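Engineer: Chain by chain, the residues run as shown.
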Amino acid sequence: MRPQAGASVSRRRFLSLSAGGAAAGAAALSGCAMQVSSGVSGSGETVTVMVNSGDILPEQVQQAKKELGIKIALVKYDITKLIAMLTSGNPPDLVRGVGAVDLPYFAARDVAQDLDPYFARSDVLKLDDLDPVNDLWRFDGRTQGKGPRYGMAKDFSQDSMFWYNTSAFDKGGVDYPSELEPITYEEWLENAKRLVQRKSGQTTVFGGSFNGLTRSTLLTTMTASAGGSLFSDDFSRVDFTTPEARKALTWYIDYCKTKVGPSQIQPDPNGWDGPTYQAGRLGMSNSGYWLGGMIYPEKKLAEVSRLAPAPVFAGGERISACQGGTGLWMPRGAKNKDAAWRVFEWFFGEAPAKARASGGWGIPSLKSLRPLMPAQEEYQKRVLKVQENELKHFSVVSFTPYTRADAIDALFNQIAPAAMKGQISVDTLAGSLNSAINEQLKRGKEQVG
Amino acid sequence: MTVDQMSPVADRPSGRAAASAAGRAPATGRRRLSMTARRHRAFYLFTSPWIIGFLLLTIAPMAYALWLSFTTFDGISPNWKYVGLGNYRELFNDPVTWDALGRAGLFAVTSVPLSIAAGLALAVLVNRPIKARGVFRTLLYLPAVVPPVGAGLAFKLLFDPNSGATNGVMTFFGFEAIGWLADPYVRYVLLMTVLWSAGNVMIISLAGLQDVPRELHEAARIDGASAWRTFRSITVPLLSPVLLFQTVTGMIASVQTIMPMLLAPLQDTSGITTIPQSNYLYMMHVFAQYFALGRYGYASALLWVLFVLILIATGLIFKFTSGVVFYNVDPEAKK
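Those sequence lines, one after another, are chains U and F. So in full-length UniProt numbering, spot 106 of the first sequence is number 106, and the numbers just go up one at a time. So in full-length UniProt numbering, spot 139 of the second sequence is number 139, and the numbers just go up one at a time.
These aren't lab readings, by the way, just hints derived from the structure by calculation. Source: prediction; values computed, not measured. A few of these clues could be false.
[Unchecked claim] Calculated lysine-lysine pairs in the DSSO-like style (CA-CA distance at most 27 Å, straight line):
1) K131/F / K442/U
2) K193/U / K257/U
3) K131/F / K81/U
4) K257/U / K171/U
5) K442/U / K71/U
6) K421/U / K257/U
Make the full structure from the sequences, and use the hints.
Structural biologist: Rendered as structure tokens:
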């Protein structure tokens, strides 16, 4: 029956109209989403960059507009949003990423742009000027560190190094660690035990913190330091029961058990070492050169702070990897690739790169910018000497492309506390980690194909 | 004169008659809608923004999540596949899921009665004719308007085991410090955050209390009933619809709480699983599966199961309270 003019709208008809309206609305919303990186806006081009607040400052956005004639539209980094944008075919033009762990994941899923042709014709980013850390942004379809470049690190640190507070060492009557020769992990833990200060059940000063950038990168690099590899040759499995991986795992669980520093069973409410170290409540902090950016502005703290090499396992190889290498990559579906590359060059090789190099928040990823690293004060010169020596031991420790580091960390966090509390043995933990993480890797491998 | 004759609309035809009259109206000139048709149109016009929003923002995502729950989709990888009920089968065999669900249920049955009791007690207090009653009402309600993120931060600072005020006071009096933000004590901190926002419950209960007819209390007093008896036999029954509303909405909110995340020092999505086990509730598990493990399919199945469980729990609450909830409605008025 056809509805007559003047008759009331039937419920069925109303609902069908609403559903139609909803579908149209959804299409309209989808259309709006498609405008995110349309590329052209007003007089100049627009490049959408997904970063954390602070990665690109508002004044740098203005600077880019002035110097490049390109408008940078900033989008707050959010992995969920990024995945939604990638899935809908409207990715940002440049995206923040942690080279050490993000690149293999995205490159294996074919969503990252091979930047080799851009590097080949760049006058700003020359291949022979790139620090080896940028190899973290290479992936040949199987192994990280080889093959085409998909991105670049904005700066880096060797994240197994540690800072220490000489006042805490003096107070505890502990000898300072050498600044050029590494101590062993066992010695580090021994020092932490002697530095920790407790009163009425409260830890007033943590002896030391050693948690790596993430648990997965920590255990991967520690296993490498012990002379092994956490992953199988094809990166489709982990094995925590090999002697080297077990050594690394045992050490970390011992560290947590002794409660000399923050861990999952004794969390630091600050969430990271910075404020605790700044307050003089942390004897040693497992952080690389970048922590200097926070330490240098406080002269008193800077004068009692020293940087030390990455510890080694007794008899093990001296490896000092970068667990981060945070930078930018370009999605394959970026709409405005040429303009994005120009922003890429500017961000990594021009004014912003120079400003970062002199800030002390990381080692520049271009060798030519190293002379800009802060070295005016005596303590800065001292730190720089340690860092320059440590660079000789840099190596890329490859990560699996089959899952994100977050997933491995999440599974570790779920399973390991029982061992940290002494409820299960390290061997039981190793077995549980193998089965949970390998299941995740298996799912990832199936999906990558 | 009858009531119908007195009515200003008494001389108008009924809706059906009006509609048919409208249908017979001559084609010339602008056709006029009947009153009923206009009412219907107005109703649908006014409700359509909500209905369209509901379809777009609730039904469509729910349908999408239902579809996802039958797949291995991880949001980005190209080779996901359809697994039918595979995710649901895995869910029913996953002890972590059941533990998280059990803890969420325990949290709901503990926190909801506790917050309702606390809110009701506060409402009774500030409903009394005391001096500066308005000030007390404001002060007690104030915590409820503090954003949860701020409240979480405040509780973290207060209960920091090494530098927090709580342990500071305890050690001052010679007690050993307690690791408040770790197992097993962190569950008590979580319950305290619930009580912190009891002002919400208080304000609704207070509105209900002010609807209780004063003459009933006066009659009870004249009959010699004690204050407790009056509260139990008059106040509570008359307040029962409000209490039922608070129970149902409280239960739904409590199983979906994200407060444990705000009490933990999370740095990234993987940090979700660093939440101490006693606070690792069902929604934490869902978050971990979605955003840390990238298991969109499995996490969607978890959400659908939660949705069905909430429906069942709500139905059970209505069923078991039907005999004790007193609706102050004249049954004759419905006829």
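Engineer: All hints are to be evaluated individually against the structure, with a verdict given for each.
Structural biologist: Cross-check of the supplied hints:
no.: 1; hint: K131/F / K442/U; verdict: violated (68 Å)
no.: 2; hint: K193/U / K257/U; verdict: holds (11 Å)
no.: 3; hint: K131/F / K81/U; verdict: violated (53 Å)
no.: 4; hint: K257/U / K171/U; verdict: holds (24 Å)
no.: 5; hint: K442/U / K71/U; verdict: violated (42 Å)
no.: 6; hint: K421/U / K257/U; verdict: holds (6 Å)
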